[in-house]
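Residues per chain are reported as follows:
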Amino acid sequence: MSLRVVVNHEERTVASAPLTPLSTVLREEFALTGTKEVCGEGFCGACTVLVDGAPAVSCLVPVGLVEGRRVETVESLAVGEDLSALQAAMIETDAVQCGMCFPGILMTLTGFFSERPDADEEEIRSALAGNICRCTGYEAIVEAALSIRGAGAAASAVEAAS
Amino acid sequence: MSAPAPDGAPRLLLPTSLPEAVALLAETPEARPMAGATWLMRAPLRGETHPRTYVALGRIADLKTIEIGDAEIRIGAGATHAELAAALAPLPECRGLADAAGRSANRAVRAVATVGGNIASAGFAAADLVPALLAADAEIELEGPDGARRIGFEAFLTDRAALAPSTLIARVVVPRGTWRSAHARLPLRVAGDYPVAIVDLLAATDAGGLISRAAVAVGSVEPVARRWTSLEAALVGTPLDADAAAEMAKAAAGDFEGRDGADAPGRYRVQVLPALVQRAVAALAAQS
Numbered sequence: 001m002s003l004r005v006v007v008n009h010e011e012r013t014v015a016s017a018p019l020t021p022l023s024t025v026l027r028e029e030f031a032l033t034g035t036k037e038v039c040g041e042g043f044c045g046a047c048t049v050l051v052d053g054a055p056a057v058s059c060l061v062p063v064g065l066v067e068g069r070r071v072e073t074v075e076s077l078a079v080g081e082d083l084s085a086l087q088a089a090m091i092e093t094d095a096v097q098c099g100m101c102f103p104g105i106l107m108t109l110t111g112f113f114s115e116r117p118d119a120d121e122e123e124i125r126s127a128l129a130g131n132i133c134r135c136t137g138y139e140a141i142v143e144a145a146l147s148i149r150g151a152g153a154a155a156s157a158v159e160a161a162s
Numbered sequence: 001m002s003a004p005a006p007d008g009a010p011r012l013l014l015p016t017s018l019p020e021a022v023a024l025l026a027e028t029p030e031a032r033p034m035a036g037a038t039w040l041m042r043a044p045l046r047g048e049t050h051p052r053t054y055v056a057l058g059r060i061a062d063l064k065t066i067e068i069g070d071a072e073i074r075i076g077a078g079a080t081h082a083e084l085a086a087a088l089a090p091l092p093e094c095r096g097l098a099d100a101a102g103r104s105a106n107r108a109v110r111a112v113a114t115v116g117g118n119i120a121s122a123g124f125a126a127a128d129l130v131p132a133l134l135a136a137d138a139e140i141e142l143e144g145p146d147g148a149r150r151i152g153f154e155a156f157l158t159d160r161a162a163l164a165p166s167t168l169i170a171r172v173v174v175p176r177g178t179w180r181s182a183h184a185r186l187p188l189r190v191a192g193d194y195p196v197a198i199v200d201l202l203a204a205t206d207a208g209g210l211i212s213r214a215a216v217a218v219g220s221v222e223p224v225a226r227r228w229t230s231l232e233a234a235l236v237g238t239p240l241d242a243d244a245a246a247e248m249a250k251a252a253a254g255d256f257e258g259r260d261g262a263d264a265p266g267r268y269r270v271q272v273l274p275a276l277v278q279r280a281v282a283a284l285a286a287q288s
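Residue numbers (full-length UniProt numbering), protein chains in the order written: chain A, 1 to 162; chain B, 1 to 288.
One chain only, chain A, in its complex shape (with noise of 0.2 angstroms):
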């Protein structure tokens, strides 16, 4: 039988073999290259993706853990050219610098958003503490989290990336 994986919301058979990174299925079988494989060891974030709506670093999960799951990647927070709250706002307070850390960085305020819509600014700093950014600093990425923040903002969020 054949290992079946829901990718923003679309069931895809997967060829790999079922130790392969999720990262790396994303990446080369289903050409979602937002998804980013920098340190392969869970600390620096950049592969973070959505596994049934939590974060997870996608280069440590192996594909067979996530049969009949749903993943949501990067690609799938914009609606056709209508940007997520987020991203929309990541771009009104500049934040955005390489790109490297950054699909990352939206997927796990994504889910932490999700999870905690009313977060203060302590909370949405150590909820980052697992996505390193070597460009920004940080300000920036902090500030646009902050200025989504609220049931209203981060339900619209969610909805784009649903």
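Hints were generated in silico from the structure; no laboratory data involved.
Remember, it's a predicted structure, so these values are computed and weren't measured experimentally.
All C-beta atoms, glycine included, are put in the ideal place defined by N, C-alpha and C.
Be aware that a few hints might be false.
Derived, one-sided and incomplete: chain B residues facing chain A with beta-carbon distance under 7 angstroms [claimed, not checked]: (1) Ala9; (2) Leu13; (3) Arg107.
Starting from the known structure of chain A, fit chain B onto it as the hints suggest.
Frame of chain A; chain B shown alone:
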């Protein structure tokens, strides 16, 4: 069921019950158990090769439960760090173990990495849960082809590498009582680093505020975490005084021989122990 593997690639078997997992491991000698996979997926980075077969434990619902009773807490080995931290949050005596679960690695790893996987990884010296469970006098319920048995946590740490792969950790049992606990860890960066040293302290005080019982466990300093018995003895009968405890720790730091690693040399790990003891005692004093 199993996930199919192309020729030569390791297989992944996905049992849904503990007896089924034990049976699969017993009948497949080269198979090894896999929990959250965060440690095992990095085997190649450590120069280790994957076995031919992994038996994944994540679909065993029975392993996910955390039961909080009056006398003890029964933690399923498949509970994640995040689930354990959330379950222990209301329990004042469990601050140490809750912090060990809730502050290790980073949020995405805590959502996946399990209690059983953390304590089973014999090569992982910096595991946060290990010293926390040592200080808490936890016991381990093992399940194997010959049935279930319960062993103390220190015995488990001694035996774990030699246990048959078909012997699985079913539950971790933590006694409850009127004490306080703290988990002091030193990562070099905040962002998900392994701690270079960990001190777990669990202590009860008498009516006069003096320590009547103390348990201190040290993790990440030596290859395997262990109790700091000379410091425990020195602390009993003294008040919760962070500075005095740091002096006692300094005097007894020769008990440890630090392991050298890429993140820190062994002597540094030992050198920071008094500061971590100081933080742990201060945390306990603040909990009163």
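Each hint tested on the structure:
The beta carbon of Ala9/B comes within 3 angstroms of a beta carbon in chain A, closer than 7 angstroms, and the hint placing it at the interface holds. The criterion of a C-beta within 7 angstroms of any C-beta in chain A is not met by Leu13/B, whose closest approach is roughly 9 angstroms, and the hint is violated. Hint on Arg107/B holds. Least Cβ distance to chain A is approximately 6 angstroms, under the 7 angstroms limit.
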